[in-house]
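K.L.:
Chains as they are written, first to last, in our numbering: chain A, 1 to 429; chain B, 1 to 461.
For the record, the hints were derived by calculation from the structure and aren't laboratory data.
Hints are not guaranteed to be accurate.
If you anchor each label on the Cβ, the simulated ranges turn out as follows [unchecked claim]:
no., chain 1, residue 1, chain 2, residue 2, range
1, A, 257, B, 245, 38 to 48 Å
2, B, 274, A, 83, 29 to 39 Å
3, B, 345, A, 237, 53 to 63 Å
4, A, 292, B, 219, 57 to 67 Å
Stretch by stretch, here's where chain B covers chain A in the computed footprint (C-beta under 8 Å, at least three residues) [unchecked claim]:
no., segment
5, 36 to 45
6, 146 to 159
7, 271 to 284
8, 289 to 298
9, 304 to 311
Since the structure is predicted, the reported quantities are computational estimates derived from the model, not experimental observations.
All residues carry an ideal CB built from backbone N, CA and C; glycine is no exception.
Read off the chains here:
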Amino acid sequence: MSARMSLKSDVLVIGGGIAGCATALQLARRGWKVTLLERDQAGVRASGVNFGGVRQNGRDLRELPIAMRARAMWDELPSLIGFDGEFRATGNLRLVSDEDRAVQLDNFFTAATKQGLGLVWLERAELRARYPWLSGKPLRGVLCPNDGHANPRLVGPAFAFAAQESGATIIEHAEITEGWYANATFQLRALDNRTFAAPVLVNCAGAWAGKIAGWFDEPVTLVPEIPQVQVTEPLPYRIEPVLGFVGGDFYLRQTLRGNILFGSGQGRATADALRSQPLPESMKRGAQIAIDFIPDLAHVPIIRTWTGVDGDTSDGVCVVGPSETHPGLFHAFGFNGHGFLLGPAVGAVVTELILDGGTSTDISGLAIDRFRPRRKASAAPARAQHPDEETEASAEENGAQSTDHCPVGVDQHKQAADSQDAAERDQDR
Amino acid sequence: MARSSARILIIGAGPAGLRAAEMLAEAGCSPTLIDEAPRIGGQIYRQPPRVPGFTRTAAELYGAAAERARDLFVTFDRIRNRIDYRPSSLVYDLIDNRVIVASEGKSEEVPFDALILATGAMDRIVPAPGWTLPGVYTVGAAQIALKHQGATIGKRVAFVGIGPLMFLAAHQYAKAGVAPVAVVVPSRFRSFAAAGLRLLQMPREFSLGLHWLLDLKRRGVPILFGHRLAQVLGEETVTGITVRRRGAERAIVCDAVAIGYGLQSETQLADLTGIRFAFDPARRQWLPESDPLGRATGRKDVYLAGDGAGMLGADAAEARGRLAAHALMTDLDISHVTYRPKADLETIARATQLQASLRAAFDLPADFFAAVSDETILCRCEQVPAGELRAIAGLMGAREMNRAKSYSRIGMGRCQGRMCGHAAAEILADKLGVSLDSVGRLRGQPPIKPVSVGTVAERKA
Numbered sequence: 001m002s003a004r005m006s007l008k009s010d011v012l013v014i015g016g017g018i019a020g021c022a023t024a025l026q027l028a029r030r031g032w033k034v035t036l037l038e039r040d041q042a043g044v045r046a047s048g049v050n051f052g053g054v055r056q057n058g059r060d061l062r063e064l065p066i067a068m069r070a071r072a073m074w075d076e077l078p079s080l081i082g083f084d085g086e087f088r089a090t091g092n093l094r095l096v097s098d099e100d101r102a103v104q105l106d107n108f109f110t111a112a113t114k115q116g117l118g119l120v121w122l123e124r125a126e127l128r129a130r131y132p133w134l135s136g137k138p139l140r141g142v143l144c145p146n147d148g149h150a151n152p153r154l155v156g157p158a159f160a161f162a163a164q165e166s167g168a169t170i171i172e173h174a175e176i177t178e179g180w181y182a183n184a185t186f187q188l189r190a191l192d193n194r195t196f197a198a199p200v201l202v203n204c205a206g207a208w209a210g211k212i213a214g215w216f217d218e219p220v221t222l223v224p225e226i227p228q229v230q231v232t233e234p235l236p237y238r239i240e241p242v243l244g245f246v247g248g249d250f251y252l253r254q255t256l257r258g259n260i261l262f263g264s265g266q267g268r269a270t271a272d273a274l275r276s277q278p279l280p281e282s283m284k285r286g287a288q289i290a291i292d293f294i295p296d297l298a299h300v301p302i303i304r305t306w307t308g309v310d311g312d313t314s315d316g317v318c319v320v321g322p323s324e325t326h327p328g329l330f331h332a333f334g335f336n337g338h339g340f341l342l343g344p345a346v347g348a349v350v351t352e353l354i355l356d357g358g359t360s361t362d363i364s365g366l367a368i369d370r371f372r373p374r375r376k377a378s379a380a381p382a383r384a385q386h387p388d389e390e391t392e393a394s395a396e397e398n399g400a401q402s403t404d405h406c407p408v409g410v411d412q413h414k415q416a417a418d419s420q421d422a423a424e425r426d427q428d429r
Numbered sequence: 001m002a003r004s005s006a007r008i009l010i011i012g013a014g015p016a017g018l019r020a021a022e023m024l025a026e027a028g029c030s031p032t033l034i035d036e037a038p039r040i041g042g043q044i045y046r047q048p049p050r051v052p053g054f055t056r057t058a059a060e061l062y063g064a065a066a067e068r069a070r071d072l073f074v075t076f077d078r079i080r081n082r083i084d085y086r087p088s089s090l091v092y093d094l095i096d097n098r099v100i101v102a103s104e105g106k107s108e109e110v111p112f113d114a115l116i117l118a119t120g121a122m123d124r125i126v127p128a129p130g131w132t133l134p135g136v137y138t139v140g141a142a143q144i145a146l147k148h149q150g151a152t153i154g155k156r157v158a159f160v161g162i163g164p165l166m167f168l169a170a171h172q173y174a175k176a177g178v179a180p181v182a183v184v185v186p187s188r189f190r191s192f193a194a195a196g197l198r199l200l201q202m203p204r205e206f207s208l209g210l211h212w213l214l215d216l217k218r219r220g221v222p223i224l225f226g227h228r229l230a231q232v233l234g235e236e237t238v239t240g241i242t243v244r245r246r247g248a249e250r251a252i253v254c255d256a257v258a259i260g261y262g263l264q265s266e267t268q269l270a271d272l273t274g275i276r277f278a279f280d281p282a283r284r285q286w287l288p289e290s291d292p293l294g295r296a297t298g299r300k301d302v303y304l305a306g307d308g309a310g311m312l313g314a315d316a317a318e319a320r321g322r323l324a325a326h327a328l329m330t331d332l333d334i335s336h337v338t339y340r341p342k343a344d345l346e347t348i349a350r351a352t353q354l355q356a357s358l359r360a361a362f363d364l365p366a367d368f369f370a371a372v373s374d375e376t377i378l379c380r381c382e383q384v385p386a387g388e389l390r391a392i393a394g395l396m397g398a399r400e401m402n403r404a405k406s407y408s409r410i411g412m413g414r415c416q417g418r419m420c421g422h423a424a425a426e427i428l429a430d431k432l433g434v435s436l437d438s439v440g441r442l443r444g445q446p447p448i449k450p451v452s453v454g455t456v457a458e459r460k461a
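Chain B extracted, bound-state conformation (with noise of 0.2 Å):
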């Protein structure tokens, strides 16, 4: 085979796959990229329905990231006529070399030579009562509203989880005039200081953080350290919600709640491919596992990169992406630029170091799995609270996620577990007493995302 000829398959347009892309652009070969939504960017970089008057700048979308935003936009246009970018597609199967995909009502079978997974990372929710009432978003699904649509998801808005990407998301919401009625956070305010102060070695990230917690403060928004999330009230729709703090409990009223405990990787695609993941016990999650590089462990042809291959961030996910294009095309004897991958080898550190840091600075209480009410729905697609996953704990060998899942239908609905799983598996390891690894992860099948039946049934020609 002719090397330059292979077929290169990237899945996922957001900083990760475009880098990826650009680079294997750039040395003449042509990629295929395929991503779900209907313009470029990922989910960190999420632009605008094209529809004429809804436009607005980088700088109102991003913030502090809009030149990085930009500068991707140019790459991408600049590139566009050499790759065959595939967008509103989604790739629900895939087994040996080829991938099934989905667009406009019909599926469509791409082979590959090489691949790179850029899949990104979504949120990573802790289930309390009330949560499925409409009103209630993820953090991510709170942002994407406000840089897609231009629209808040309430006008009224409370904040409640961990992490950078809720504080900024509740700056942009007040910068869009709908400043948040409190930012909750269960993490103490003393680790989150104490783990603060180390990022002052990184003055970037330090002022930045620095700037979205005072201008919260500057406008009023109560930040409310040490406190967790007891109830989401309403009947038809989110009326308020009620915070606990060492066993007082108060109410505040609001209309919307966003969620979000930090961000975990989407590996959906990964464990089709058959790749070997190993547990990270820092970020609590099972991940394919790669090489510095990404080249995934147990397949020659799959290459990682960005969030999906372990929350990095945007700034590493695009040195990961140029870091997988160059170990595939390193491998695949494919000529291109003198890349030194000492600079953005450097950016992974960095941001291994930024991620460590953040994950000290909001810091779960030890008991905040046990603390879910026996009551709360646990898996919102099957409607099964977290008492009926504890009541099945140890039995008959579900002490592993796949057997309590056959058990107890958590994670067996729409989403196969990808909003509830790792809230089943933490209190599920509580429940045993157990460690997290040691109950395993929910195996995946395809489709990785619901197709309809008569998509799968369509072929294209």
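Looking at chain A on its own, in the form it has when it is part of the complex (with noise of 0.2 Å):
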């Protein structure tokens, strides 16, 4: 029966979180037969459950093109997925509290300006008059007034419901463990033995995509990325910009509802990377931290944390184009903790590159073949900054449950990540 169903697809997608759902959205609106793939529920996992900053601000300048198109398309939401995923620009304020990261800082501005993307040079005095809840710790900080937050909760699974509603076909519970090309058909096999089939494929899986895209000859490293967030009681609104940390690995915002979301540090994952839960050092180190940029969260009860999984690439920047070795195989992952903002995009163009052979979003930084083997040590440049905030994760708090075959093994890829890749990582951090 499933093999009927797959030969009416035109196109298969892997994986159904924002990235691969949005997707499938932006393919059958356009008329083309879609199946969705996903290994537990859409949008549960790194796209339902994230810090949920909608972030220019400090990316890797490889991403920004994609990530300013992104952006733009936020504001179109309710046109896209129905409703407006509760984003709010509210601004997006990257901080630093030593002169070495304020070089960082400095030169992303200037990057970042040039590139037209909108940018608030703010000094310590200004920051003290603009936001009386920060301590005298930041030096100076750069304000994006038009990035925000949303509600990855709602956000994830109603870009899945709003693919389903244009007419992709979403399964569910459908692990693929085997997946080959044969007669210009990319054949996939799930865990219960059902195939699908279709002349093109695209790769949305998270953290499981780098094996995947071994399948086909172009296999990423991906190491597990675990963050861990922390949220407080609600209180009156009152910290409007999404805060992050130039290379302090600490993020906090306030939500709508007044909840304080603040992360640092990482929690930790089972060996086959589907569950994930927090350790007790990261909410420390967090709570210190959040202390020392807020004094007054000291007396704020912490109500309850999350942790989840996400892959993150070795250069930190992720992977959005065709297959260097195979036709009619896309590639989107590795959003290394901050693709929430980028999933709307990441579908228009891996749907132009399907449909129209080329998009004009310039993804020449995000291409496959940085990866390979060979030349990766020249063609891995260190990133400009540390990712920080909107760091994704998997369903720990949504319905994610423990299978016991799992064989996307991410902690093989996290063996090969600690022997190949550990010492430029480091460096980036």
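Both chains are given apart, each in its own frame, so use the hints to dock them into the complex.
P.N.:
Following this line, the structure appears as structure tokens:
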């Protein structure tokens, strides 16, 4: 039955996160028959449980063009998915507390401004005047006023829902364990032996995408990233911009409901990366830094935490673009904990690549060929800044269940990554 | 590792935790006993604060259970110097073989080689319009106000719900001079009486229950079987309730309401240990699983004791505390006095039978959760009405509690679903027309209770 169903598809998409669902949505709207395969539930992992930052500020410059396109699309969310996703452009403020990091901030400010990103430079006195709740610790900051935040808990599933409404077929609990290319067709087999086939395949499998790329001779090593976020009781809305600290691995925002979300450090995941849990050390570290920057937070109760799993590339920049090895194969993954903003544009860009043979958005820096093993060392420039805001997460809070038979072992990637990439990653951080 | 030097941690100083501590101390171990309350006893034997002139006798405080309470307190005094007792300490996180404890505004990490969870139980709540008004308490809280502070929650108090605790608390209020204005019981009198008669096999419990009932009757307290709470009335605070029976409503004037539909186990820490849970269809709750002696399924170093592992009451809790300590010491080769579990296992069997009879006696109407109106606030922390949960039921995977939480915010607030989780699961299952177990349970995350950012940040040296 499923084999017949698959023959009807023009495109297969693996992965029901925002990137996959936005792709399915765009393709379906242009009349294509899309089948999206999700190992768990659509929109519940990194796309549904993440920090919720919608941020261009501090992006690696290679990601800035697609980020700026994505940001424009967030204003159009009601026409795309039927509601605004609780997106509010309250600004994103990146702060530094030492002169060394200030150079980084300065470099970004200059380069991004040149690319047309609207940024405001704020010295310490201006910071204190604008944000009286901030301690004196930050030296200066860069505000991107049209960044903001949204509610991933609703946005993640909404993209899946919209894709379905537009005619895409979403098959949940379909874990793909095998894929190959034969007779100009991509063939996929699920854990329960269902098979799927189509001439076009889009790989949006998040933390598991590197392995899928490997099935088609262009493996990419992804290291699990397990952000951990603490959530306080709701308080009157006071902290407008989303805060990030350059090089400090700390991020904080207040939701419209009033809860303050903050995080620093990582939780931990099971070897199959399907389940993750918070660590007391990261909770403590986050709490200490939070008080350091906003002293009044000391008295506010933390009511919950969450963690999740995303996949990091070795250079901290995502992969979006066509395959180097197989015509008809497209990749969009490796969002390094900051794919939430990008999701809508990823769908548009991949759809253009498939249907129009090209895109107006500059994605030249996102090509998968930079991870070709032999060229790796030279083709992986150090990233400009640590991607600390929109840490994406799997759905420990939202219904992800562990399965005992996960063939896509992120742990294997991790081992490989530990040996190959650890040194350069550490320098980045 | 020398077995006798094993770091043994007991969480909860109620009847189960205390009996476990006693047995371990007698065997020469010095367990750490961590408890959230400032004094031992748990909820059932909660003690008044140590304030000069504010003393009441055990008989005044605990009535028929005074002997048992006194015996526990004496036992504790005897072992006090042999154990590491930490009152006013909240275990808010647990990972692997360590817990994080908050006390006096600081956090401390306590490692363990073996853990006995004796975390107790709390009231089960079914929401009704107005239940979030000031003046509405759980039955347990109403009783604690009396035991702990010598205060009642109001002058004219209505009790609503099911279970022996509610009748006991109503009786205690009457004795304290605050005769309840009404006791409202949704169960039918017929099933109550039929199951009650079966309790004749347990004369002590039967006569105790009968005594509470007759005492309330004698004092002229109306006991309204077959009545449901329709609404709690009031603007700023409670001014009354309306109750409904077969479509007919009547109003009762009161200034406070105690609501409790029996008790449910506190399982948040058990959840963080990663041990296996199983659905208990009788108690209608997901419970941590263990063998008859309390050895948890899935971890060799975790033991369960008391009502945290399924409601069986205080007497069984003492028995389960001893059993867990015995199992622990057997597993760790710690020699201890000859202990024959037979008597304690019999106590547990008896309590199990009693609980079954009580469940039959306090049968809830089949449409009880379907009848919760859409406008009724279900999750009080996040102010989510029941209708919002019903609206998303079944939508994009919301056939399961954690998805439903994600879409509706139910259980996302400061209580993390401790208060509303049970009713929410019942309402979701009812709306979807599926069994309660198939909607699962809310996953636990630290902190299990709110703890301030400052307390998390500050570590004890």
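K.L.:
Against the structure, test the hints numbered earlier, and report the numbers of the ones violated in rising order.
P.N.:
none
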